[in-house]
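The listed protein sequences correspond, in order, to chains X and V. In terms of our numbering, the first sequence opens at residue 1 and continues consecutively. In terms of our numbering, the second sequence opens at residue 309 and continues consecutively.
Please note: incorrect hints may appear among the correct ones.
Stated by the list, open to error - Computed cross-link-like contacts, EDC-like style, restricted to lysine to aspartate or glutamate with a CA-CA straight-line distance of at most 16 Å: (1) V:340 with X:36; (2) V:476 with V:493; (3) V:340 with X:18; (4) X:9 with V:431; (5) X:9 with V:344; (6) X:7 with V:431; (7) X:16 with V:431; (8) X:7 with V:484; (9) X:270 with X:110; (10) X:16 with V:344; (11) V:340 with X:25; (12) X:9 with V:372; (13) V:327 with X:34; (14) X:251 with X:275; (15) X:7 with V:493; (16) V:485 with V:446; (17) V:485 with X:6; (18) V:327 with X:36; (19) X:37 with V:372; (20) X:251 with X:92; (21) X:133 with X:279.
What the hints assert, rightly or not - Computed Cβ-Cβ distance ranges for the label pairs, DEER-style: (22) X:16 with V:480: 49 to 55 Å; (23) X:135 with V:445: 56 to 62 Å; (24) X:110 with V:378: 26 to 32 Å; (25) X:250 with V:380: 45 to 51 Å; (26) X:145 with V:469: 55 to 61 Å; (27) X:275 with V:321: 35 to 41 Å; (28) X:249 with V:332: 28 to 34 Å; (29) V:488 with X:13: 18 to 24 Å; (30) X:16 with V:473: 46 to 52 Å; (31) V:332 with X:275: 49 to 55 Å; (32) X:177 with V:378: 33 to 39 Å; (33) X:37 with V:379: 19 to 25 Å.
These are calculated hints, taken from the structure and not from any lab test. A virtual CB, placed ideally from N, CA and C, is assigned to each residue, including glycine.
Listed below, chain by chain, are the residues.
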Amino acid sequence: MKSADDKVKVLINEAKIETGSGVDERILADALSELEKLRQKQLTWSRQNIWRITMKSPIVKLAAAAIIIVAVLIGIYLFGGSIGRTGVAWADVIRQMQQIRTATWTEVHEVFPPDDENVFVDDLGHVAQCAYKTPGRWRLDVTSKHIRGENKHIEESKKIQIWDFNAGKGLLLDPEKMTASPCSYKPEPGKDSLFRTFLSPKADIPADAEPLGTKQVGGRETVGFRIRLKGDGTDFLMGDVSEIWVDAKTKRLVLAETRDAERRWVSTLKDFIFDQELDDSLFSLELPEGYKDIGPLQFMWVEPSEAK
Amino acid sequence: MQNSGLDNMEDKLLVFRCKRGSRDALARIYQKYKRDLLLLAAALLNDSGIAEDVVHDVFVRFVENIQNFRLTGSLKGYLLTCAANCARNRNRAAAGRASIEVSPEEPASSTSDGPAEVIVCNEQLRQLSAAMAQLPYEQREVVMLHLHAAMTFDTIAESQGISVNTAKSRYRYGLDKLRLILNHEAEK
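The shape of chain V in the complex, shown without the other chains (with noise of 0.2 Å):
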């Protein structure tokens, strides 16, 4: 998980001083990390509706349990570990439901009726959720949390409560079948 010291600084600051109460602290954490939790979410669900619910739950439960937090690593990584926590969840709870495909410049929300009421997401994303989408959910999530959060297979393994050997072969696994994926869309 690599963040600079600078911004380790500046986010202990601001952890500091939404501990009491500064809107502008909680909305400063919130744009800066707001497209890493939707981009994550969003690949992991393949659901951008859905990624918005899950970056706002984040949100509530971070500031309904700010004043016991404390900030021993980075904000981000905490912030896309409760991501990919209440991704699983969300997931869990939508067993057996058919997907939703992010689309590409479009909204993604059904009650959106303008430009800002909506979630955009590129073809990259597109691409990306499509492919992770084809993956087992526990493959996606060791993926994306080593490749787009930096986690190191060490902390995907303590935050998942499984063994480093079992995220790391999930992760090979993950990239054996996203290569098959995107080489054969690379082929169409």
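Only chain X is shown next, with the shape it has when bound in the complex (with noise of 0.2 Å):
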């Protein structure tokens, strides 16, 4: 009996089958076109709630506070591959983007209630400091301010998130409960960071940007460019639209406003400082003194812009 055993298993072992791409595509076809349908009905549902969702997490919350910066910012950074079809200007803030090895700026994120009584917002918008330093490396020193409690009284919050983008990892840190929760995913494949996760491959910045002519910010005299962040149906960005205001002499940032499709929320981003130095401490992923290990935080929310 053994030795039929085996034989039957070797022979299994052995045993290979290959497939072509028609194949996998034939037998994927309509698990796919399935697939799509529920993505359809998720999307419809996701509009209804995705608000609610996004509200109710305080990981969501923060996380997306560094999507709009990734969307106008590293964004373009990440993204800006394919200038082949842009006029020049365009091409010009893209390469100075590419340039950058440092940045901190200001993000100031304003919340509109919706219309829809029935739907309860609890974020009322915040502040972040913000600071980037190559290769992937990010700090936001984020202030925001809650509707909390039954007599629905307005509560100001302090986080930090550091990330280390090729690492894989970040550090959440709540200064005021001294507690710290480090954070770690795995990078796919192809993709530059936890962001282009978030954005997905189809949430690509457009090539082509409208200009918007110039217009004087700070003492400044600025040209602008609007683009509308494509998304894939289900990213916080799709159909966001970003105006972005670069200095007309070195083509680098100075204002950049991003409004979400639904008008729910417009971020906009100054001061930026490029290219000074930033002390490594400041992206530090070791538990500071006096935190509490919290345990890590699981990286749910990365998931949904994933669908396609």
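Since each chain sits alone in its own frame, please combine them into the complex, following the hints.
Structure below.
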């Protein structure tokens, strides 16, 4: 019996079957079609509920702030490869972004309550001091306001996010509670960062930008561009519009304003300083002294944007 | 049903992503398990064209039911069980129909017209399928599920609605017959 068993096992182990790409497509076509139906259902659902979901989860809330930054700054940096069809000026802007070594700026995120009174929004926006240093290190000091409790009082809270996207690690700090949550994730092949996962490959910053002319910003002559973020149907960013104003001489970012497609928020990035020395300790992922490690966070919120 | 913890973790994430509509996740699941499923179906049905249909049906139904799907064991085991069930139904539907032998290194589909359009089986799979085709279908299923899908007899019995002893008997009889067939082949 054993020899027959072994013989069959060997045969099974050595049996091989291979499929051509046409076969794979044929087999998967209907399954993907079913998945598309599912996605459409989810899209409808998410349009109705994403606001509530976003605001329910503090981590999503913090991440949303970062997404906006990515969309208007690092989004260009990461996705700016395809500039063949662009005008010279826009291509120059992208090139300038790609040369940035460090950057600091302020993000002001304003939230507009929806008309639907059945949708309770507890987020009143936030202000974030942001820092970026190559390669892929970020720090966001976020002060946000929320409506809390049955009496709906306004509460202000501070959180710090530090990310190293190349290493796939992060550290979320709560300076008030003195708690820390280390995070890690596995960067996906071909994807530059967690935010790229967020954006998904189809959410590329468009290569073409609509010129907006010139205007004075803080006493500087700037040139404006409008880009519409394509998203992929489930991203926060789908249809969101960014207006980007760059210094007319240096082509570096001066002001960026992003509005979501449904006019629920506007995020303004300003006070940019580029290529100043930033101490590595700002981006340290070590547990700061006095902080208590409360365990890692899961990144379930990465997933919805992957739906295509 | 052996599966590494890492695999299980990846599968749980893939299923989660599938539930969120991720095409990448579905494609990854397909790429990960397509050979196992095709091989099982081809060995059970001795027809790679129908095996393709089986795997197609498994993935379509997987997506159709994904919202209510909860991964409690291994995804590979679940998909293989689905493939076995689907192959059983196909076999019943085709009862009495002459089987079409799987040809080595040749297109299995009559509509194929290029390398991208074909399923290619090696000589070992041809041998396996041909030998399996000589067993009663119930025995083929138990042998393949136990040896290829690494399922326990308890699990096989449960999935087929038979007793554990019946599953073991089918396996024993199946192996006996396979031994005769393979020895006979070797003597040729």
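When you take the CB atoms of residue 37 (chain X) and residue 379 (chain V), is the distance between them in 19 to 25 Å? holds, 21 Å
Quick check on a hinted range of 28 to 34 Å for residue 249 (chain X) and residue 332 (chain V), using CB atoms only. violated, 43 Å
Please work out if residue 251 (chain X) and residue 92 (chain X) have their alpha carbons no farther apart than 16 Å. The hint holds at about 7 Å.
For the pair supplied as a hint, residue 340 (chain V) and residue 18 (chain X), confirm whether the alpha-carbon distance does not exceed 16 Å. Since the Cα atoms of residue 340 (chain V) and residue 18 (chain X) sit roughly 12 Å apart, the hinted pair holds (cutoff 16 Å).
Verify the CB-CB distance for residue 250 (chain X) and residue 380 (chain V) against the hinted window 45 to 51 Å. At roughly 59 Å between Cβ atoms, residue 380 (chain V) and residue 250 (chain X) fall outside 45 to 51 Å, so the hint is violated.
Take a quick look at whether residue 7 (chain X) and residue 431 (chain V) sit within 16 Å of each other, Cα to Cα. holds, 15 Å
Could you check the hint for me, namely that residue 16 (chain X) and residue 473 (chain V) are 46 to 52 Å apart, CB to CB? violated, 34 Å
With a cut-off of 16 Å on the C-alpha distance, tell me whether residue 133 (chain X) and residue 279 (chain X) pass. holds, 9 Å
Quickly compare the C-alpha distance for residue 340 (chain V) and residue 25 (chain X) to 16 Å and report which way the hint goes. holds, 15 Å
Is the hinted range of 49 to 55 Å satisfied by the C-beta distance from residue 332 (chain V) to residue 275 (chain X)? violated, 36 Å
Residue 485 (chain V) and residue 446 (chain V): Cα distance at most 16 Å? Measuring from Cα to Cα gives roughly 13 Å; hence the hint holds.
Restraint status (C-alpha distance of residue 9 (chain X) to residue 372 (chain V) at most 16 Å): Given that 16 Å is the threshold and the Cα spacing comes to 34 Å, the pair is violated.
In the structure shown, a violation is registered for the earlier hints numbered 1, 2, 12, 22, 24, 25, 28, 30, 31, in ascending order.
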